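Asks: Chain order of the listed sequences is R and Y.
The numbering used here applies: residue 482 is where the first sequence begins, and numbers increase by one.
The numbering used here applies: residue 482 is where the second sequence begins, and numbers increase by one.
Everything labelled a hint here was simulated from the structure, so no lab data went into it.
Quick caveat, the model's predicted, so the values are computed rather than measured.
No residue lacks a Cβ here, since even glycine has one placed at the ideal position from N, Cα and C.
One or more hints might be untrue.
[Claimed, not checked] Here are the simulated BS3-like cross-link-like pairs (lysine-lysine), alpha carbons at most 25 Å apart as the crow flies:
#, chain 1, residue 1, chain 2, residue 2
1, R, Lys623, Y, Lys623
2, Y, Lys573, R, Lys573
3, Y, Lys656, Y, Lys680
4, Y, Lys600, R, Lys600
5, Y, Lys487, R, Lys623
6, Y, Lys523, Y, Lys536
7, R, Lys649, R, Lys695
8, Y, Lys487, Y, Lys536
9, R, Lys573, R, Lys649
[As the list claims (entries may be wrong)] Stretches of chain Y that chain R covers, calculated by requiring three or more beta carbons in the stretch to come under 8 Å of a beta carbon on chain R:
#, segment
10, 521 to 530
11, 640 to 650
12, 672 to 678
13, 688 to 702
[Claimed, not checked] Residues from chain R shown here face chain Y by an in silico Cβ test under 8 Å; the list is partial:
#, residue
14, Ile558
15, Ile566
16, Ile567
17, Pro599
18, Glu601
19, Ile602
20, Met603
21, Asn697
22, Ile699
Protein chains: 2
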Amino acid sequence: ENFKIKMNIIKEIPPRRGLGSSGASSIAGAYAVNYILGNPLKLEELLECAMEGEKIACGSPHVDNIAPALLGGITFISSFNPLRIIRLEPIKNAEILVLSPKIEIGIEKTKIAREILPKEIMLRTMVDQIQSFGNLIIGLMKRDLNLIGLGISGDHVIEPARAKLIPKFYDLKNKALENGAYGFSISGAGPSVFALIPKGEGKRIGEILSSILKENGILSEYSIHENSEDGVKIVS
Amino acid sequence: ENFKIKMNIIKEIPPRRGLGSSGASSIAGAYAVNYILGNPLKLEELLECAMEGEKIACGSPHVDNIAPALLGGITFISSFNPLRIIRLEPIKNAEILVLSPKIEIGIEKTKIAREILPKEIMLRTMVDQIQSFGNLIIGLMKRDLNLIGLGISGDHVIEPARAKLIPKFYDLKNKALENGAYGFSISGAGPSVFALIPKGEGKRIGEILSSILKENGILSEYSIHENSEDGVKIVS
Chain R
482 ENFKIKMNII
492 KEIPPRRGLG
502 SSGASSIAGA
512 YAVNYILGNP
522 LKLEELLECA
532 MEGEKIACGS
542 PHVDNIAPAL
552 LGGITFISSF
562 NPLRIIRLEP
572 IKNAEILVLS
582 PKIEIGIEKT
592 KIAREILPKE
602 IMLRTMVDQI
612 QSFGNLIIGL
622 MKRDLNLIGL
632 GISGDHVIEP
642 ARAKLIPKFY
652 DLKNKALENG
662 AYGFSISGAG
672 PSVFALIPKG
682 EGKRIGEILS
692 SILKENGILS
702 EYSIHENSED
712 GVKIVS
Chain Y
482 ENFKIKMNII
492 KEIPPRRGLG
502 SSGASSIAGA
512 YAVNYILGNP
522 LKLEELLECA
532 MEGEKIACGS
542 PHVDNIAPAL
552 LGGITFISSF
562 NPLRIIRLEP
572 IKNAEILVLS
582 PKIEIGIEKT
592 KIAREILPKE
602 IMLRTMVDQI
612 QSFGNLIIGL
622 MKRDLNLIGL
632 GISGDHVIEP
642 ARAKLIPKFY
652 DLKNKALENG
662 AYGFSISGAG
672 PSVFALIPKG
682 EGKRIGEILS
692 SILKENGILS
702 EYSIHENSED
712 GVKIVS
């Protein structure tokens, strides 16, 4: 049987800022259609459908953003083929500050952010990157916010490349860490940045960081979030 | 004050097979001297001393082998400077089969095994390597032997380079995995290989693997181990 479905998506995630907006739309669309049809597909099968949405939006069927949008918490892609996702418990007792500078990286933002990545890296750099990743994962599983932050802040490959696209990136990072952030890095392909911070510190640190950009003539918006336990759900 | 200490080391770890023999000697020596002197140094400080031993034995002061020999279980190097080690619980309900082909890679074995590594790697390969490492760490923390094995077997960088130095490496690996091993890879700089296997399977799988080498005219020895809860200790 063939169906045609017309869908309006109302979302509060601004697009093209590195916040996983297209992933959220892709999984919301797939989930809603599955719900209307009486849930013929399992949750994991929805990932495959939503990947097609990401392909249209970003040019590649990546699962990085749709997996956490579907399942909530923290997701790790254990295997691509077959696709297998491991869900870890969300980060508790901390909040996430997201700062979005109002700049345009270009029409094909994700493509540019991808092209700026190095094609090859030194073996030594890979070892450092794996060390940071280990700190992140062990931190997540031990619920150690300082260790999670060490992992987040220790990106030796992607961050140094993409930081060039973000004004005052290292000033923002240093100031956030000086002010008590556990960790700081780029959100997705940028230009948004994020900090994992102690609860209740969002407004104070958000004001400090946005003022650094303002002094340099760049407007920005910040928002404060929690790592959600829930993934996608029907709200009405 | 100056002391001179004469030390005889009796150990059952054969040297120059990739089994961490020099690391075991280094930490045993440092631990014994500290004990004789009334334990002036803390455990973590002993790591720094033992690294000097590794420097003499292998040309570089690496902590990869001395940390687990000191602490037991599984160790992760969270930071080099300052040196910080995270100890994870040992792998339970499985045994470790070690197979050592009787071949000589050369006088400076570890140096050769290091020089054969690629200097640069593709970004895509780094992502695959980090995925395997994630499987390993999450597997260790969730006590999931299949996931640990997936991580061990998924080395995309070091294993493909060093496998060339080990006769019939991929035949051994495939046969071990076909016979129920959770994971298989090279031990340290080689030429020993190891498999994480179900308890009680050591002799059966050990005979299969050593017969593959024997058919190719290569003698070998195998041994069966458990991941020790204990690190270094005074035995008498």
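Asks: Against this structure, judge whether each hint is valid.
Replies: Comparing the hints with the structure gives:
Straight-line distance between C-alpha atoms of Lys623 (chain R) and Lys623 (chain Y) comes to about 11 Å, which keeps the hinted pair within the 25 Å bound. At roughly 29 Å between alpha-carbon atoms, Lys573 (chain Y) and Lys573 (chain R) are farther apart than 25 Å, so this suggested pair is violated. For a cut-off of 25 Å, the pair hint linking Lys656 (chain Y) to Lys680 (chain Y) stands: about 17 Å separates their Cα positions. The hinted pair formed by Lys600 (chain Y) and Lys600 (chain R) meets the criterion: a straight-line CA distance of about 14 Å does not exceed 25 Å.
Among the hinted pairs, Lys487 (chain Y) with Lys623 (chain R) is inconsistent with the structure: their alpha-carbon atoms are about 43 Å apart, more than 25 Å. Between the alpha carbons of Lys523 (chain Y) and Lys536 (chain Y) the distance comes to roughly 21 Å, so the proposed pair stays at or under 25 Å and holds. The hinted pair formed by Lys649 (chain R) and Lys695 (chain R) meets the criterion: a straight-line CA distance of about 11 Å does not exceed 25 Å. Distance hint between Lys487 (chain Y) and Lys536 (chain Y) is fulfilled; the C-alpha atoms sit about 20 Å from each other, no more than 25 Å.
For the hint pairing Lys573 (chain R) with Lys649 (chain R), the CA-to-CA distance comes to about 29 Å; that exceeds 25 Å, so the pair is violated. Only residues whose C-beta sits within less than 8 Å of a C-beta in chain R count toward coverage, and the segment 521 to 530 of chain Y has 0 of them, not enough to reach three; the restraint is violated. For the segment 640 to 650 of chain Y, the assignment as covered by chain R is violated, since 0 residues bring a beta-carbon within under 8 Å of that chain's beta-carbons and 3 are needed. By the rule of at least three residues with a Cβ nearer than 8 Å to a Cβ of chain R, the coverage given for the segment 672 to 678 of chain Y is violated, with 0 such residues.
Counting residues of the segment 688 to 702 of chain Y whose beta carbon lies closer than 8 Å to any beta carbon of chain R gives 0, which falls below the threshold of three, so the coverage claim is violated. For the restraint placing Ile558 (chain R) at the interface with chain Y, the shortest Cβ-Cβ distance is roughly 7 Å, inside the 8 Å limit, so the hint holds. Look at Ile566 (chain R): its Cβ only gets to about 12 Å from chain Y, farther than 8 Å, so that hint breaks. Proximity of Ile567 (chain R) to chain Y holds as hinted, the smallest CB-CB distance being about 6 Å (cut-off 8 Å).
Hint on Pro599 (chain R) holds. Least Cβ distance to chain Y is approximately 6 Å, under the 8 Å limit. A cut of 8 Å between beta carbons decides the hint on Glu601 (chain R): the least distance to chain Y is about 4 Å, and the hint holds. About 6 Å separates the beta-carbon of Ile602 (chain R) from the nearest beta-carbon of chain Y, less than 8 Å, and the hint is met. The beta carbon of Met603 (chain R) comes within 6 Å of a beta carbon in chain Y, closer than 8 Å, and the hint placing it at the interface holds.
Hint status for Asn697 (chain R): violated, given a least beta-carbon distance of 31 Å to chain Y, over 8 Å. Checking Ile699 (chain R) against chain Y: minimum C-beta separation of about 29 Å lies over 8 Å; hint violated.
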